[in-house]
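Asks: For reference, the chains in residue letters:
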Amino acid sequence: MKRDGLTIPFLLVASLLGAVLVATRLDGRGPLATAGEESLYLPDARYLKPILLGFDGVAADLLWIRTVQYFGTHLETDRRFPQLAKALDLTTSLDPHFLEPYRLGGLYLLYFARQPEAAVSLLEKGAAANPDRWELPHDLGRYYYLEARDYPRALRWWERAAKLPTRPEFLPRFVARLYAQTGHAEMAIELWSELYRTAQNDFVRSLALQEMNRLKAGQVQAR
Amino acid sequence: MKVAAIALNTFKEAVRDRILYAILVFALVMLAGSTILVTISVGGETKIIKDLGLACMSIFGALIAIFLGIGLVSKEIDKRTVYTIISKPIDRYQFILGKYLGLVLTLLANVGVMALGLIGLAYLGEGISSPRLLLAVLFVFLELMLVTALALLFSTFSSPALSAIFTLCLYVAGHLSADLRLFAARFGGAATKLSAETLYFLLPNLSRLNFKDQTIRSLGTEGGTTALSFSYAIFYIALLVLAAMAIFERRDFK
Amino acid sequence: MFAITIKDLCKEYRVGFLRKRVRVLSDLSLNVGEGEVFGYLGPNGAGKTTTLKLLMDLLRPTSGEVRILGQPAGDVRTKQQVGFLPEQPNFYEYLTGRELLSFYGQLLGLRRSDRRERIATLARELRIDAALDLPLRKYSKGMLQRIGLAQALLNDPKLILLDEPMSGLDPIGRREVRDLLLRLKSEGRTVFFSSHIIPDVEVVCDRVGILVGGRLVARGPLDEMLEARITSIEVTVSRVPPELLEELDHLFMTRPVTKGERLLLTAKDEDALAALLPRLLEHKAVIHAIVPQRESLEEYFIRHVQPRDAL
Chain A
1 MKRDGLTIPF LLVASLLGAV LVATRLDGRG PLATAGEESL YLPDARYLKP ILLGFDGVAA
61 DLLWIRTVQY FGTHLETDRR FPQLAKALDL TTSLDPHFLE PYRLGGLYLL YFARQPEAAV
121 SLLEKGAAAN PDRWELPHDL GRYYYLEARD YPRALRWWER AAKLPTRPEF LPRFVARLYA
181 QTGHAEMAIE LWSELYRTAQ NDFVRSLALQ EMNRLKAGQV QAR
Chain P
1 MKVAAIALNT FKEAVRDRIL YAILVFALVM LAGSTILVTI SVGGETKIIK DLGLACMSIF
61 GALIAIFLGI GLVSKEIDKR TVYTIISKPI DRYQFILGKY LGLVLTLLAN VGVMALGLIG
121 LAYLGEGISS PRLLLAVLFV FLELMLVTAL ALLFSTFSSP ALSAIFTLCL YVAGHLSADL
181 RLFAARFGGA ATKLSAETLY FLLPNLSRLN FKDQTIRSLG TEGGTTALSF SYAIFYIALL
241 VLAAMAIFER RDFK
Chain F
1 MFAITIKDLC KEYRVGFLRK RVRVLSDLSL NVGEGEVFGY LGPNGAGKTT TLKLLMDLLR
61 PTSGEVRILG QPAGDVRTKQ QVGFLPEQPN FYEYLTGREL LSFYGQLLGL RRSDRRERIA
121 TLARELRIDA ALDLPLRKYS KGMLQRIGLA QALLNDPKLI LLDEPMSGLD PIGRREVRDL
181 LLRLKSEGRT VFFSSHIIPD VEVVCDRVGI LVGGRLVARG PLDEMLEARI TSIEVTVSRV
241 PPELLEELDH LFMTRPVTKG ERLLLTAKDE DALAALLPRL LEHKAVIHAI VPQRESLEEY
301 FIRHVQPRDA L
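These protein sequence lines are chains A, P and F, in that order. Position 192 (the first sequence) corresponds to 192 in my numbering; numbering is contiguous. Position 253 (the second sequence) corresponds to 253 in my numbering; numbering is contiguous. Position 290 (the third sequence) corresponds to 290 in my numbering; numbering is contiguous.
It is worth saying that the hints were derived from the structure and are not from the lab.
Here are the simulated lysine-lysine pairs, DSSO-like style, with alpha carbons at most 27 Å apart: (1) P:LYS2 - P:LYS12; (2) F:LYS141 - P:LYS75; (3) A:LYS86 - A:LYS125; (4) P:LYS2 - P:LYS79; (5) F:LYS158 - F:LYS7; (6) P:LYS254 - F:LYS20; (7) P:LYS2 - P:LYS254; (8) P:LYS254 - P:LYS79; (9) P:LYS79 - F:LYS20; (10) F:LYS259 - F:LYS284; (11) F:LYS138 - P:LYS79; (12) F:LYS7 - P:LYS254; (13) A:LYS125 - A:LYS49; (14) P:LYS75 - P:LYS2; (15) F:LYS20 - F:LYS7; (16) F:LYS158 - P:LYS2; (17) F:LYS185 - F:LYS7; (18) P:LYS75 - F:LYS20; (19) P:LYS254 - P:LYS75; (20) P:LYS75 - P:LYS12; (21) F:LYS185 - F:LYS141; (22) P:LYS75 - F:LYS138; (23) F:LYS158 - F:LYS185; (24) P:LYS254 - F:LYS141; (25) P:LYS79 - F:LYS141; (26) F:LYS141 - P:LYS12; (27) A:LYS125 - A:LYS163; (28) F:LYS268 - F:LYS284; (29) F:LYS138 - P:LYS12.
Throw the hints in and build the complete structure from the sequences for me.
Replies: This is the structure:
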């Protein structure tokens, strides 16, 4: 190479262009079928925990963010979520007191991935790990009430939630109504509207709104 | 020839460095440990061994690349060994190239040792050799070459401690750069999107070089994607090494 | 053609967080002819090492020009004919002396057989053959200096640049380096070396340059620079009457010193001597010796350095 001071800068710019060009072409191949898989490469929590050196919480946060991305990407494309349950399980194993993955993850599994068993076991895992939180037994009760229509089970979970000091005031009302075995449709609407009121993101709100409208339409039909 | 002499000497120096052995031994112990781990697992034994093996190779290789790479040039200047070398009839870029290739050679030896161990263990577990694993190993090695080039670049203008921090940050950012772009596209305004886009193209996109899952789960990889990822790595490495040369060319040795 | 041409050379460093400019060399111009041994003198911090680094392209000039054997500094083909010993050289301490020299030989493009031969010869000449297979971390400072000289001479260079070649050496080592410099000179090579040890310079140099505070304050053949100034004249006498001494007291630079039978008088200058001698002869004093005291390089040095330091 001649010492003219130009060769290196020239090659430098050339390789920068090359890198950007190749990167764009790689992107042009779209979100590869494999890319989605890759973005959720999930080891077992048992092996992962020791090497996280105590940063379990951070890892859970990152994994949660990735899980949401995974969910979002597949919701927009193939609507298939083969890794979702495992990702949620790992996230909640890394940080068992992080409630969002249980609650939102439960909704994702139930209404989009159509994996009720996975949703129930996730929520039960959460309820076991967080016995002082009303949210998880409440969500379980909602599932049994709305989806499984297993009222005794719903009652059991809600009773458990209603005994907790932090519970919202509507929970005892649910329990009372359930004992009376009346007005299932109104109660279902009320459950969704509670979720609508307390939800912190648009996604859940629109899910609740959609379900409420469906139930209201059904009520009108029944009359 | 002169580049080879510098590269071999760099290799010699690295081989005498205790850090290298500490990391290598730890990696091999982890690898051996994975065989114990699988006994308490149900199913997926060879998968776990391969997972852990490739992860070890990647993480410990990156540690070697960073800890030996950050001193590659700055140590030569600090210890004044560079004076007598630059005063010999060589160009400065030859010195940079030699130092880089020397460390790459060191990494090759390390990755080779780890890969042999891994393929051996996988063979014992599965009873069949798994040549596809070599594709993942190749890309792990390319990633390590890129990390080495990053460390080399920082080493030409900053202290080892700062270089280590910079390189580590870019290593992490490089694995997250695809997510960064995704977030910006979803939540950001126009300015955020533009800067995220720029960053995305400037940062090394290390997730492109991650073929671990594909090979372990025997997912199909298109030849075209592999070739493009390969050339991406080569272009990016060239970019970093040339930048190191350009900086070194202008440097004063105080 | 000059072996070294330095023209209007300036070098500034930027130091500290604020990148403040500090000028290390100012308008330095200097030529060194082929075959000349040039001593580059100056107190610590004068800019000697900076000059040598600029000559070897380890530093880049802020302004001005540096040429080595007619080519710009840093030219790769020219470096083939140049040897350089940095100040307090440091080498890869995990290599043995032989491995190190062989490595430099490779950088010089010497063939294996040539390398082996050249290393053996230099090791013998510099008396390091016994230590050649020891790792450099076990070398003393003096041995490192010798290895440094060996690597500088490995390519049989036409031009040799040495930064403080005598520092760190014991008197015997210093003498050996001095003899080496004399031999290099007799072989017709150009040597440019910096030093602050004056007696070493006085013997070997054709010319010297004196650098103070980044400026070249004097240059020229050493004897010319020093001969110009006679500081005092020592007269050794005996049998001088004491009253005469008192009478002549104003001519002396220092009080007379008794040396057994004899007396050492120090006349201030030539005029004082002219006044002194007839009076001594008048009183039948015996004059044993008259020795003019020339300024030593050291005193010359101090005279040039002090006023600047006072600024």
